[in-house]
Amino acid sequence: MYKPLQAFFKTENDAESVKADLNKLKTNDIRVDQLPDADHTLILTPLTYSGNNTSGMGAGGGIVAAFRQDDEGLEVDNDPREYTLECEVSEDDFQEALRIIMDNDGYVDQESFDK
Numbered sequence: 001m002y003k004p005l006q007a008f009f010k011t012e013n014d015a016e017s018v019k020a021d022l023n024k025l026k027t028n029d030i031r032v033d034q035l036p037d038a039d040h041t042l043i044l045t046p047l048t049y050s051g052n053n054t055s056g057m058g059a060g061g062g063i064v065a066a067f068r069q070d071d072e073g074l075e076v077d078n079d080p081r082e083y084t085l086e087c088e089v090s091e092d093d094f095q096e097a098l099r100i101i102m103d104n105d106g107y108v109d110q111e112s113f114d115k
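Residues in the sequence shown are numbered consecutively from 1, following full-length UniProt numbering.
Since the hints were made in silico from the structure, they are not lab data. Note that the structure is predicted; figures quoted are calculated from it, not measured. Keep in mind that the hints are not guaranteed to be accurate.
Said to hold, decoys possible - Now the in silico label distances, taken between C-beta atoms and shown as ranges: (1) D79 - M1: 30 to 36 Å; (2) D92 - T11: 28 to 34 Å; (3) Y2 - D33: 16 to 22 Å; (4) E91 - R31: 16 to 22 Å; (5) K19 - D79: 17 to 23 Å; (6) Q95 - P36: 28 to 34 Å; (7) P80 - Y2: 26 to 32 Å.
Glycine residues also receive a C-beta, built at the ideal position from the N, C-alpha and C atoms.
The task is simple: from the sequences and hints, build the whole structure.
Next up, the structure:
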């Protein structure tokens, strides 16, 4: 089964780099678009590792999750994110896709984690 995923980036290069990395996973219909008038009403959230487990996800360990306002030590970046990447990702590869997005300074829609 595939899950929809949408991420937002500051530059086209960042989005295209993630697209290239996501092509190595089980994905469908990867698209990169520029937002003509970046919608500043979206609530975007950076990604972070949840927990301090050192296995499974590389150097930081843990599961990739949405940043929450009560997380300490993280600063919110309010720079406009004018490029979007949309695709469908296999549930088996979803965490890896989130890690790739996080490693490339991508943000996701908060609703992705509220469902």
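Take the C-beta atom of D92 and the C-beta atom of T11, compute their distance, and say whether it sits inside 28 to 34 Å.
-> 29 Å, holds
Holds or violated: 17 to 23 Å for the Cβ distance of K19 and D79?
-> About 20 Å separates the Cβ atoms of K19 and D79, which means 17 to 23 Å holds.
Please test the hint of 30 to 36 Å on the beta carbon pair from D79 and M1.
-> 34 Å, holds
Distance restraint hint 16 to 22 Å, applied to the beta-carbon atoms of E91 and R31 | 20 Å, holds
Would you say the C-beta atoms of Q95 and P36 sit inside 28 to 34 Å of each other?
-> With a Cβ separation near 32 Å, Q95 and P36 satisfy 28 to 34 Å, so the hint holds.
Range agreement (Cβ of D33 with Cβ of Y2, hint 16 to 22 Å) | 20 Å, holds
Consistency of beta-carbon spacing, Y2 to P80, with hint 26 to 32 Å | 29 Å, holds
Checked against the numbered hints listed earlier, the structure breaks none of them; every hint is satisfied.
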